[in-house]
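Q: Chains as they are written, first to last, in UniProt numbering: chain A, 1 to 381; chain B, 1 to 381; chain C, 1 to 381; chain D, 1 to 381.
It is worth saying that the hints were derived from the structure and are not from the lab.
Repeated chains share a single entry, so a pair holds when one copy, or any two copies, can fit it.
In silico DMTMM-like cross-links for lysine to aspartate or glutamate, where the CA-CA straight-line distance does not exceed 20 Å:
hint, residue 1, residue 2
1, Lys246, Asp267
2, Lys229, Asp58
3, Lys246, Asp143
4, Lys137, Asp58
5, Lys137, Asp232
6, Lys137, Glu212
7, Lys137, Asp214
8, Lys186, Asp5
9, Lys229, Glu356
10, Lys246, Asp138
Next come the chains, spelled out residue by residue.
4 protein chains.
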Amino acid sequence: MTALDRAASIADLRRLARRRLPRSIFEFIDGGAGDERTLRDNADHLAALRLMPRVGVDVAARSAAVDIVGRRSALPLVLAPTGLAGLFWPGGEMAAARAAQAAGISFCLSTNSVASIEEVAAAVPGVDRWFQLYFLKDEALMDRMLARAAASGYRVLCLTLDLAVQGRRDRDIRNAFTVPLRPRLKTVLEVALRPAWLAGFLRAPVRFGNFEADAPQTGFSSMAQHVAKLCDASANWGTIARVAAKWHGPVVIKGVLAPDDARRAVDLGAAAVIVSNHGGRQLDHVPSAAAALPGVVEAVAGRAQVLLDGGVRRGTDVIKAKALGADACMIGRPFLWGLAAAGEPGVARTLSIFAEEIAIAQALLGRPDFAAIDRSVLSDL
Amino acid sequence: MTALDRAASIADLRRLARRRLPRSIFEFIDGGAGDERTLRDNADHLAALRLMPRVGVDVAARSAAVDIVGRRSALPLVLAPTGLAGLFWPGGEMAAARAAQAAGISFCLSTNSVASIEEVAAAVPGVDRWFQLYFLKDEALMDRMLARAAASGYRVLCLTLDLAVQGRRDRDIRNAFTVPLRPRLKTVLEVALRPAWLAGFLRAPVRFGNFEADAPQTGFSSMAQHVAKLCDASANWGTIARVAAKWHGPVVIKGVLAPDDARRAVDLGAAAVIVSNHGGRQLDHVPSAAAALPGVVEAVAGRAQVLLDGGVRRGTDVIKAKALGADACMIGRPFLWGLAAAGEPGVARTLSIFAEEIAIAQALLGRPDFAAIDRSVLSDL
Amino acid sequence: MTALDRAASIADLRRLARRRLPRSIFEFIDGGAGDERTLRDNADHLAALRLMPRVGVDVAARSAAVDIVGRRSALPLVLAPTGLAGLFWPGGEMAAARAAQAAGISFCLSTNSVASIEEVAAAVPGVDRWFQLYFLKDEALMDRMLARAAASGYRVLCLTLDLAVQGRRDRDIRNAFTVPLRPRLKTVLEVALRPAWLAGFLRAPVRFGNFEADAPQTGFSSMAQHVAKLCDASANWGTIARVAAKWHGPVVIKGVLAPDDARRAVDLGAAAVIVSNHGGRQLDHVPSAAAALPGVVEAVAGRAQVLLDGGVRRGTDVIKAKALGADACMIGRPFLWGLAAAGEPGVARTLSIFAEEIAIAQALLGRPDFAAIDRSVLSDL
Amino acid sequence: MTALDRAASIADLRRLARRRLPRSIFEFIDGGAGDERTLRDNADHLAALRLMPRVGVDVAARSAAVDIVGRRSALPLVLAPTGLAGLFWPGGEMAAARAAQAAGISFCLSTNSVASIEEVAAAVPGVDRWFQLYFLKDEALMDRMLARAAASGYRVLCLTLDLAVQGRRDRDIRNAFTVPLRPRLKTVLEVALRPAWLAGFLRAPVRFGNFEADAPQTGFSSMAQHVAKLCDASANWGTIARVAAKWHGPVVIKGVLAPDDARRAVDLGAAAVIVSNHGGRQLDHVPSAAAALPGVVEAVAGRAQVLLDGGVRRGTDVIKAKALGADACMIGRPFLWGLAAAGEPGVARTLSIFAEEIAIAQALLGRPDFAAIDRSVLSDL
Ligand SMILES: Cc1cc2nc3c(=O)[nH]c(=O)nc-3n(C[C@H](O)[C@H](O)[C@H](O)COP(=O)(O)O)c2cc1C
Ligand SMILES: Cc1cc2nc3c(=O)[nH]c(=O)nc-3n(C[C@H](O)[C@H](O)[C@H](O)COP(=O)(O)O)c2cc1C
Ligand SMILES: Cc1cc2nc3c(=O)[nH]c(=O)nc-3n(C[C@H](O)[C@H](O)[C@H](O)COP(=O)(O)O)c2cc1C
Ligand SMILES: Cc1cc2nc3c(=O)[nH]c(=O)nc-3n(C[C@H](O)[C@H](O)[C@H](O)COP(=O)(O)O)c2cc1C
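Looking at chain A on its own, in the form it has when it is part of the complex (with noise of 0.2 Å):
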């Protein structure tokens, strides 16, 4: 039995990246802005929640599958676009393309990802994709990626709008994390101490993939500095509505807390709006997804879907995002964590520890069909 096997839940996924990547890297997956309370909140308000058990009824068929953006998704859950996955697994992008594939859920690529669009297609041409995209300086290029995505088969274009400028993650301030990581005295030793992860790192470098052709990478580059040069902070919902029209498929709208932008992105046509503060990572004190999610739910009123992103780590948790109107969850630390510790095996975990969660929740509860799931089953007790 191997220390995966034995990991009972995502926490323990995490404490397994924890120990596998140098820690400035694993500050850059788990933190979030500020003071970190919106970070928190994401997941302590899901957790609050409380559902109700039905017992006496025949569970003994169970199905957790959903339709999320026009296709069948095994599970309700969607990898959620995260930049450097590469970073964190050789070749990480594709490790988490496949575990999506084989779970039988959708795979969302980050613009800033390591692999770039044609990599992570080519090598799992079989996963239904998505490609985020950021709102960039440069509308040419954004055109070229666009352009590129459709190439090579994405299906859905989702626009993540949540990221005018990056927001300030103190820890990466103060570990003063760059891409590539700069060799400051304490970086080498935190990196000495994480042999495995060195050598994974030493046979895949670094860098931002869709950027190579664009923008030639030289030094070292802080995220931060990274977006203001790149990301254009005057986009309004004009420039979004253009870049929209120009994909030929769904478009989801990712990064929306309140109501009012909600109703607007769905009134640009938008598949499905993506509740979302980013994991906590762009502004602190804001609400936290799950408190969001209420008054976006009934903004969108059945014109979209809604997928609420941030702070899932059971399948409680999932159950309680479709109780309180989401169709499915995005999920990005959860399955970094897996990444981390271990691979494509380790998303594959991450998976496999959701929809065993859910299926068991789905037994005790009484409620054997997922899409049955509504608000009857939260408890206020």
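Place chains B, C and D with the ligands on chain A using the hints.
A: Just chains B, C and D with the ligands now, with coordinates in the frame of chain A:
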């Protein structure tokens, strides 16, 4: 003065149990599902209630005797059904049953006991015996168990409904807990540190006593595997009614939190409904037993008795449960800790602590008559 | 500058007491019943209240003098009756009484004092003396005590009603605390580590001074045994009225939380009702004194004085109690900590800290006249 | 990259200050009155508020400039008056004033500064200077100070009303903190561990610069003694009006929490009311500045400006204060920590952290114009 005499509280007995048991086994008792929030809520929600004392009342003569399912009990307590009690102390089921008899209360044997239905009855014929049954896939096997329990003079049948599947107990997964303990390096070390427990364990090998004839036990099995193999996730209210009808005596229904489920249990003739989330061991994030109690009491509306099960740790908890409408309480871990600490005298200590705490609370609350305690003893200050 | 001078707060005096007392004895003072929730609530509920400061008020001249049960007190404080004060410092009762006299406040002697009624009166004739009485099984003995207290010039009789039986104080049970200390290995070690205390202890042996003539003390006795032997659990409002009628002077009733009990106390002529849960030492999980205060104030409706007892640790607590309708406060542990730390100067320090904290709070709240403080000083912000 | 560059937050600067200052001096800055609940509430109540981000807004151009008491300020911040700044860094008042000037904000000198009114004016003529005055017993001395401040070009008079007497700061009492530090063994050791601070301290002896001519400073004096000797506890609204009338320029009133006091301040012509509890240093258990703010804003009703003072630690706090109706904020400890850590560059770092945090928050909240921020940015989720 022994350590047992100096144990002032149930929490002290827990500490003694921790010192005597191998860690995996202690955690099998102590742990719960998931993040153990419901487990903590069970105790916390009781503890958070406040009682209003009255003075100037003659409290020289006090009694806490009550009728439970048609029989006078010296205390408003029943020993809850718990699997594998014989793993914590050699002959654990018999030891607990003897202490129950001495204290004038009832003992409920679990489906998953080490000692069989017949062994317990033969060894402790004088105790009021209940038999707890899970719904088994093999209906004939279930019928045989009912017949054996009836033949061995068990008075009450306790049907536990909240185990359609086994909950995920993270600690057991992490500990790779199996029956018998799989001899991994970690468990070998744990066990080596607990020679007193080991000596008893070698004398009295652990098995599922009630299944011996029917389901030969070979190799190592986790509780989850054992349950998955035997228990029937398809049991519904029809099945329940059918099984209940086979018992010639009082049937009590254990594992209900939702008022509507309580109503159905009473409709099919239950003599008592046991408000319980299985001690927080099945699904985390469900309401605490104390929070669910008032809703069940209202739904039952006097047509059956109501027992509270889960989180009872103090005499005041028993009084609070009574004030919220419960007729009595079941206790699980409190007696297992006593048992693991010192066998029969340990369980006796558990019960004498409760008896003394209840008596003192009655005196200081100005409520010498337990049966007369109602909501007016609660305070919202 | 001594450690006593540098003690900035009551909490600092507690730390000094901890350093000087054997652990079991420190815990006898410090501890409470059960899980000590009510003990903590007593202080926490006072601390949680907020006061609204006013500026631009001439506060050069301030006074906190008040009338308590017919006598002018320099501070709105009374030293609470506490058993065994002589165990914490040789001649503890006399030391405390002297400090009370010096500070211009009253001192209440406990039934269970080390120094007898007569010894205290002889040693500190100038202090305003109250005598606290428990209800004893032996009515003649009670009559003799009343006669002795009257003969020795005690002005006020304080009847404590919340000790029908002794509460379970888990720490004392765990420590096997007895009077005198039973010489177990553990206590011998504890005592050896506290030579200063031991020296005083050898000079002044501990006994229940008021029972010497009547109840010969032989061997080791826990407080619970002492109380069980002597106290009368059958005392009711009739008994109380009969005993109160025997006293020619003001009678105050201590240990009331329920408004109806306060009303009955006033009906039988009490000059003051002391809202108290015995400092959290009798029954855990009852309301804090502060939470119970407003209900009692309303019930008493000005027909008697009301004193708050329990959890007073800061000058602001005294002001809060006044704002909630109390005329003054009793303090128990705060003066015992001072006493245990340094004898009479220690108690003097307790009182000077309170005096200074009250005076500063009056200045900064813009309330130079203590008597005029009312609810308007409280803020719900 | 220096430690100062890597300081990501005000909390990081606090840690640097702790490393450089002798403990008693660090605690003199850090500490508050009593149990420091109000001190904690100040920061906690701001932190607990939630902000609702809006997306799809062009935030490329952002400004946080505001008018404060008739002058344009580059940031909505004023450096609060703090006594003894020169004790934390040689020439501390000048260093802070210079950093304020560089950042385009105002600096308020304390009555109890080390550097005198004239020294600061001479050294940093370009900064917008405010002078803070306590009410002194010696009215002629007060008049002289006003005249000196006017002659030295201080623009605004800040009358602090919440120091009728000095609050009890338990840590200072425990540390026996005096000016100069009394050379006890404990302080000698503390100081020996902080050679960098000591070197500066020897260069720049500490004194109360504004009292030199009038109140010769001999021997050791605690702040409480200093205040008791000089400050006038009898000052009332009449005195306040009289003193305010002597100043030819804007008068601001600091230390108000009660709406009625704010109203009186405005009635006598205050240009601004500073909602403050003196950073939790005067009376513990009073409302936090943030909790008191809305009441004051309502009472002032636009007739004067309102500044929030106390607990501001993050850019988001400044935005929250604005949302609750404050025109700007004062900061005390945040700039003192920067100062103690590194002198002028340290204060500059404090201000650049605030500037950057505010700018990022404006971007991510979709509020490029600080002046337009109102309650709608707050969320009750
Ligand atoms: C290391 C890391 C990198 C991320 N990079 C991106 C990104 O490039 N684009 C994006 O839209 N979101 C990004 N996110 C946010 C995730 O998509 C997602 O919103 C967030 O992780 C959800 O919260 P959770 O981690 O609690 O599940 C990133 C998150 C992490 C942890
Ligand atoms: C070690 C252990 C084994 C248990 N086994 C069973 C069982 O076999 N059948 C059952 O109905 N409940 C079982 N329970 C649940 C108890 O009957 C009871 O509901 C629970 O312990 C009550 O919570 P408490 O431990 O806080 O008192 C078990 C509980 C524990 C701790
Ligand atoms: C060591 C100790 C002994 C006490 N003994 C008595 C007693 O003999 N009679 C009595 O009425 N109360 C007794 N009390 C309770 C006090 O009178 C008082 O109600 C309590 O200490 C108030 O709470 P405080 O300690 O938080 O101030 C005792 C309290 C302590 C701490
Ligand atoms: C070390 C120190 C000295 C202070 N001295 C003064 C002073 O002389 N006059 C005054 O009005 N306020 C004084 N204050 C209070 C500040 O002006 C301000 O109200 C407080 O620091 C605000 O809280 P903050 O520290 O949380 O920002 C002082 C504060 C500190 C920390």
